[in-house]
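Asks: Given the coordinates of chain S, work out where chain R should sit on it, guided by the hints.
Here is what each chain is made of, one letter per residue.
Number of protein chains: 2
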Amino acid sequence: MVEEKLLERGVEVEVLDSDEMRTHLCKGLGFSKEDRDTNIRRIGYVAKLLARNGACAITAAISPYREIRDEVRKGVQERSIFVEAYLECPLDKLVERDAKGLYKKAISGEIENFTGVPDPYEPPLKPEVVVHTGDEPEQQSCARILKTLEMLKLVPEVTGDDYAAAEEAAVAARLRDLGYLG
Amino acid sequence: MVEEKLLERGVEVEVLDSDEMRTHLCKGLGFSKEDRDTNIRRIGYVAKLLARNGACAITAAISPYREIRDEVRKGVQERSIFVEAYLECPLDKLVERDAKGLYKKAISGEIENFTGVPDPYEPPLKPEVVVHTGDEPEQQSCARILKTLEMLKLVPEVTGDDYAAAEEAAVAARLRDLGYLG
Numbered sequence: 037m038v039e040e041k042l043l044e045r046g047v048e049v050e051v052l053d054s055d056e057m058r059t060h061l062c063k064g065l066g067f068s069k070e071d072r073d074t075n076i077r078r079i080g081y082v083a084k085l086l087a088r089n090g091a092c093a094i095t096a097a098i099s100p101y102r103e104i105r106d107e108v109r110k111g112v113q114e115r116s117i118f119v120e121a122y123l124e125c126p127l128d129k130l131v132e133r134d135a136k137g138l139y140k141k142a143i144s145g146e147i148e149n150f151t152g153v154p155d156p157y158e159p160p161l162k163p164e165v166v167v168h169t170g171d172e173p174e175q176q177s178c179a180r181i182l183k184t185l186e187m188l189k190l191v192p193e194v195t196g197d198d199y200a201a202a203e204e205a206a207v208a209a210r211l212r213d214l215g216y217l218g
Numbered sequence: 037m038v039e040e041k042l043l044e045r046g047v048e049v050e051v052l053d054s055d056e057m058r059t060h061l062c063k064g065l066g067f068s069k070e071d072r073d074t075n076i077r078r079i080g081y082v083a084k085l086l087a088r089n090g091a092c093a094i095t096a097a098i099s100p101y102r103e104i105r106d107e108v109r110k111g112v113q114e115r116s117i118f119v120e121a122y123l124e125c126p127l128d129k130l131v132e133r134d135a136k137g138l139y140k141k142a143i144s145g146e147i148e149n150f151t152g153v154p155d156p157y158e159p160p161l162k163p164e165v166v167v168h169t170g171d172e173p174e175q176q177s178c179a180r181i182l183k184t185l186e187m188l189k190l191v192p193e194v195t196g197d198d199y200a201a202a203e204e205a206a207v208a209a210r211l212r213d214l215g216y217l218g
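The listed protein sequences correspond, in order, to chains S and R. First residue of the first sequence: 37, per our numbering; consecutive thereafter. First residue of the second sequence: 37, per our numbering; consecutive thereafter.
Chain S with its partners taken away, still in its complex shape (with noise of 0.2 Å):
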């Protein structure tokens, strides 16, 4: 949606699916802390990449490590802005939801290393947006994402979007508490 609502403001982006990623970038590799480590940092490194020539990168990929999460942040700031969006859910809701069967399958032991059952996942310290996908509207998330973007100054203004309005404030107080906005 966020990838939409992008496009729609002329906003060229590509998103850096993991899926996509483990059939070009990654084949081979698996789901243990090492294979997905090797997996982020090489979806981080072509969003580096894509980010210093001007283009916009949405990396859509569990990465429950925090260390390769920053070193990937690291990566990218040096010639680009580094946005992490934390889409945060209760795990009883995602095992109740369980989209694509995966944590019926984990929690049977039918499949190994999946992020939550068992494996952990380590949330972010500081990150630039949380959107809570449990609990609201998908349109609330999105609007919070595209309103940080939006006072970063890395996509063009939008009125009229409700959703937005509500959001400003809350969005402009997170990124000024994170040293944004001057």
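Errors might be hidden in some of the hints.
Copies of one chain are not kept apart here, so a pair can be met inside one copy or by any two copies together.
Computed cross-link-like contacts, DSBU-like style, restricted to lysine-lysine with a CA-CA straight-line distance of at most 35 Å [stated by the list, open to error]:
1) Lys-162 to Lys-69
2) Lys-110 to Lys-136
3) Lys-162 to Lys-141
4) Lys-63 to Lys-110
5) Lys-69 to Lys-41
6) Lys-162 to Lys-129
In short, the hints are calculated from the structure, not lab data.
Replies: Here is chain R on its own, set in the frame of chain S:
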């Protein structure tokens, strides 16, 4: 040198160097045909992402197999332009030059699967531009590549380069043969 000249003309350019790619995206891959193919596919994939986001990617990698080069070309051409530059040089000159000392090791058998010794190199059949790095000055090779990019309307034209002026007719003839230039 092509990179420098492009930057001088204000073209943002990303060089996808084989060694760097092997560090970031292809760790663990060797030099067998299969591993080389995977390496080139990955470089091609990143070039495609960059190109379709409006950036210019130079792939600086030894890519000995025609089939994979053509596969990458096809992918890039879905939404961008692919220009194949064939840097032709007789093997004996390469061995004589041996910039990295690798030919010596290949000949002695210390390294295996080296392109040229004993592995094959399949020259492209229809490259957009051919330069003869064995017997022409680097400036001339560079000018021919840039003139090709100019004629394909990929970079702004620059006048006053003697080499470029001398190359113009030959570049135009080649591109016309390949079906470019209407």
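Asks: Please go over all the hints and tell whether each is borne out by the structure.
Replies: Outcome of the hint check:
no.	hint	result
1	Lys-162 to Lys-69	within (22 Å within a copy, 45 Å between copies)
2	Lys-110 to Lys-136	both (32 Å within a copy, 32 Å between copies)
3	Lys-162 to Lys-141	within (32 Å within a copy, 51 Å between copies)
4	Lys-63 to Lys-110	both (25 Å within a copy, 21 Å between copies)
5	Lys-69 to Lys-41	within (33 Å within a copy, 43 Å between copies)
6	Lys-162 to Lys-129	within (23 Å within a copy, 56 Å between copies)
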